[in-house]
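J.: Chains as they are written, first to last, in the numbering used here: chain Z, 1 to 393; chain A, 1 to 82.
By construction, these hints were calculated from the structure, which means they are not laboratory data. A portion of the hints provided could be inaccurate.
To be verified - Derived DSSO-like pairs (lysine-lysine); straight-line CA-CA distance at most 30 Å: (1) Z:K31 / Z:K300; (2) Z:K300 / Z:K334; (3) Z:K164 / A:K77; (4) Z:K194 / Z:K388; (5) Z:K92 / A:K66; (6) Z:K334 / Z:K92; (7) Z:K194 / Z:K334; (8) A:K66 / A:K13; (9) Z:K6 / A:K13; (10) Z:K194 / A:K77; (11) A:K66 / Z:K334; (12) Z:K6 / Z:K346.
What the hints assert, rightly or not - Some chain A residues near chain Z, calculated using beta-carbon distances under 10 Å: (13) N28; (14) V32; (15) L35; (16) S39; (17) L40; (18) L45; (19) V49; (20) D51; (21) S52; (22) I55; (23) P58.
We treat Cβ as the ideally placed atom computed from N, Cα and C, and that holds for glycine.
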Amino acid sequence: MGLFTKFEGLAQGRAELGALGIDPFAVRIDKIISPTEGVIHGRHTILAGTNNYLGLTFNPECIASARLALEHEGTGTTGSRMANGSYSGHRKLEEEMAAFYGKRDAIVFSTGYQANLGMISALAGPGDVILIDADCHASIYDGCRLGGAETIRFRHNNAEDLAKRLRRLGERAADALIIVEGIYSMLGDRAPLKEIVAVKREFGGYLMVDEAHSFGVLGERGCGLVEELGIINDVDFIVGTFSKSLGCAGGFCVSNLPELDLIRYASRPYIFTASPAPATIASARQALRILEAGKDLRQKLHENAELLHAGLTALGYTLGGPPSPVVAVVLEGKVAALQFWDNLLKLGVYVNLMLPPATPNGVCLIRCSVSAAHTSEQIDAVCAAFAKLRAKA
Amino acid sequence: MTEYERILTDMTKGLAPFTKGRVEVNENTELVGDLELDSLQIMELLLFVEDSFDISIPVSILPDVKTVGDLARQVEKIIGNT
Chain Z
1 MGLFTKFEGL
11 AQGRAELGAL
21 GIDPFAVRID
31 KIISPTEGVI
41 HGRHTILAGT
51 NNYLGLTFNP
61 ECIASARLAL
71 EHEGTGTTGS
81 RMANGSYSGH
91 RKLEEEMAAF
101 YGKRDAIVFS
111 TGYQANLGMI
121 SALAGPGDVI
131 LIDADCHASI
141 YDGCRLGGAE
151 TIRFRHNNAE
161 DLAKRLRRLG
171 ERAADALIIV
181 EGIYSMLGDR
191 APLKEIVAVK
201 REFGGYLMVD
211 EAHSFGVLGE
221 RGCGLVEELG
231 IINDVDFIVG
241 TFSKSLGCAG
251 GFCVSNLPEL
261 DLIRYASRPY
271 IFTASPAPAT
281 IASARQALRI
291 LEAGKDLRQK
301 LHENAELLHA
311 GLTALGYTLG
321 GPPSPVVAVV
331 LEGKVAALQF
341 WDNLLKLGVY
351 VNLMLPPATP
361 NGVCLIRCSV
371 SAAHTSEQID
381 AVCAAFAKLR
391 AKA
Chain A
1 MTEYERILTD
11 MTKGLAPFTK
21 GRVEVNENTE
31 LVGDLELDSL
41 QIMELLLFVE
51 DSFDISIPVS
61 ILPDVKTVGD
71 LARQVEKIIG
81 NT
């Protein structure tokens, strides 16, 4: 077996896409105009698949902060924080994130992917056990694999199944790490966190919640599902990303546990990675200030999410979950889904196409992500495009 | 009957809904090659096996499971460790 033999399946899949003349995984945005508009294939396009939930990528204050940091601190840090030192902005952002969540401390990572990789792999190694929701993101699975802990899946959003598996662990349950997400990225559905917290109280263990798609989106102040449900103090580790609601890049973990600081010395994805660039840190800090200043953006986001969800429901589409900033349309058949996605693009609407095995339950999904920056006219235009394709079907 | 044989017998019976009678199942039957199970069906099969034997199967052992016999040996190992 040759080095590249394992890629034969991928090559075949790509050839099939080539035969159809559609490649949703190689979209080039020729020009980005605003958080919600771009030019793709020479066509003015509404962007409804960017995870730009609060629409802050073009926020003038964030851009000004980033520009200032760029001019005063340079384009990059050229090294890791452990080996080459932290900039003051890195630590200030950690202090601000900890204060925002009312937690003892925070660690900032270079990406959201690395936040999961870095936290999970450092926390749980050989001899430890992790229980993860079956629909968790790849970064969570990869973190489990990197650490080498025994990893057990439980049925998606099923606290009873989690309890069953903790019971099977016996005394080991008390030190198990349980990992779930606030909003799941594919279908936009939420974790039954209150039930999961109740199970954790019964059996013990530590709970980590990934709020990648719910930080800045849910809760009175935007802390996420943990805040919305009033269980922020029942969660041991909250991880998330700056790349979605805050419109830049980076990841974080906040915790009340004093051992959090030790993670820095044990986490290979933290130690052996270049730290976030000064402009990225500056824009994240500014975006956090905007998040703290009020909930108008969140309100607008939820209004838009309701509008799109209601519009697509009225058209008769099957949706993956209740209204949320992720609105996923379930379609039958891979080729039909590919053609649907391509036709939407031709109608000037960019969304995400999600195919098995990346999707839960083997479904094909047209995944829209809503932004506070979408105008109601843009949401109407997205619905109109879906209506045209519904009429064709 | 050994523990392995008992597990294999129970598992073979339990596989019936997944084979739909198309293939005669023995310890050398491949889950993907012979039964043509896709990743979703394998997930369902594992959940079924876990509930049947009241165990949890770690994700890390899955790359080593190709046949029904491989799965039965893993189940035997997990039962032996509990």
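J.: Hint by hint, note whether the structure agrees.
T.: Hints versus structure:
Taking the CA atoms of K31 (chain Z) and K300 (chain Z), the gap is about 26 Å. The hint holds against a cut of 30 Å. Using a Cα cut-off of 30 Å, the hinted pair K300 (chain Z) and K334 (chain Z) is violated, with the two alpha carbons roughly 33 Å apart. Taken as a hint, the K164 (chain Z) and K77 (chain A) pair is honoured in the structure, with Cα atoms around 20 Å apart against an allowance of 30 Å. A distance of roughly 41 Å separates the Cα atoms of K194 (chain Z) and K388 (chain Z); the hinted pair therefore is violated under the 30 Å criterion.
Only pairs whose Cα atoms come within 30 Å are accepted, and K92 (chain Z) paired with K66 (chain A) is rejected, the gap being roughly 51 Å. Simply put, K334 (chain Z) and K92 (chain Z) have alpha-carbon atoms about 47 Å apart, too far for the 30 Å limit, and the pair is violated. The suggested pairing of K194 (chain Z) with K334 (chain Z) is violated, with an alpha-carbon distance near 36 Å, which exceeds 30 Å. Restraint check for K66 (chain A) and K13 (chain A): the C-alpha separation of about 18 Å stays at or below 30 Å, so the hint holds.
Restraint check for K6 (chain Z) and K13 (chain A): not satisfied, since their Cα atoms lie roughly 33 Å apart, outside the 30 Å limit. About 35 Å separates the Cα atoms of K194 (chain Z) and K77 (chain A), which puts this hinted pair outside 30 Å; it is violated. For the hint linking K66 (chain A) to K334 (chain Z), the alpha-carbon distance of about 26 Å falls within 30 Å, and the restraint holds. In summary, the hint linking K6 (chain Z) to K346 (chain Z) is not supported, as the alpha carbons are separated by about 34 Å, beyond the 30 Å threshold.
Proximity of N28 (chain A) to chain Z is violated relative to the hint, the smallest CB-CB distance being about 21 Å (cut-off 10 Å). The restraint placing V32 (chain A) at the interface with chain Z is violated, with a minimum CB-CB distance near 12 Å, outside the 10 Å limit. With 10 Å as the threshold, the beta carbon of L35 (chain A) stays out of range of chain Z, its nearest partner Cβ sitting at about 16 Å, so the hint is violated. At a threshold of 10 Å, the smallest CB-CB gap from S39 (chain A) to chain Z is about 5 Å, leaving the interface hint in force.
Here the hint on L40 (chain A) is kept, as its CB sits about 4 Å from the closest CB of chain Z, short of 10 Å. With a least beta-carbon distance of about 13 Å to chain Z, the hint placing L45 (chain A) at the interface is violated under the 10 Å criterion. A least Cβ separation of about 13 Å between V49 (chain A) and chain Z goes past the 10 Å threshold, and the interface hint is therefore violated. A hinted interface residue such as D51 (chain A) counts as satisfied when its beta carbon comes closer than 10 Å to some beta carbon of chain Z; here the least separation is about 8 Å, so the hint holds.
Look at S52 (chain A): its Cβ only gets to about 13 Å from chain Z, farther than 10 Å, so that hint breaks. Look at I55 (chain A): its Cβ gets to within about 7 Å of chain Z, closer than 10 Å, so that hint holds up. Checking P58 (chain A) against chain Z by beta carbon gives a least distance of about 5 Å; that is within 10 Å, so the hint holds.
Checked against the numbered hints given earlier, the structure breaks hints 2, 4, 5, 6, 7, 9, 10, 12, 13, 14, 15, 18, 19, 21 and satisfies all the rest.
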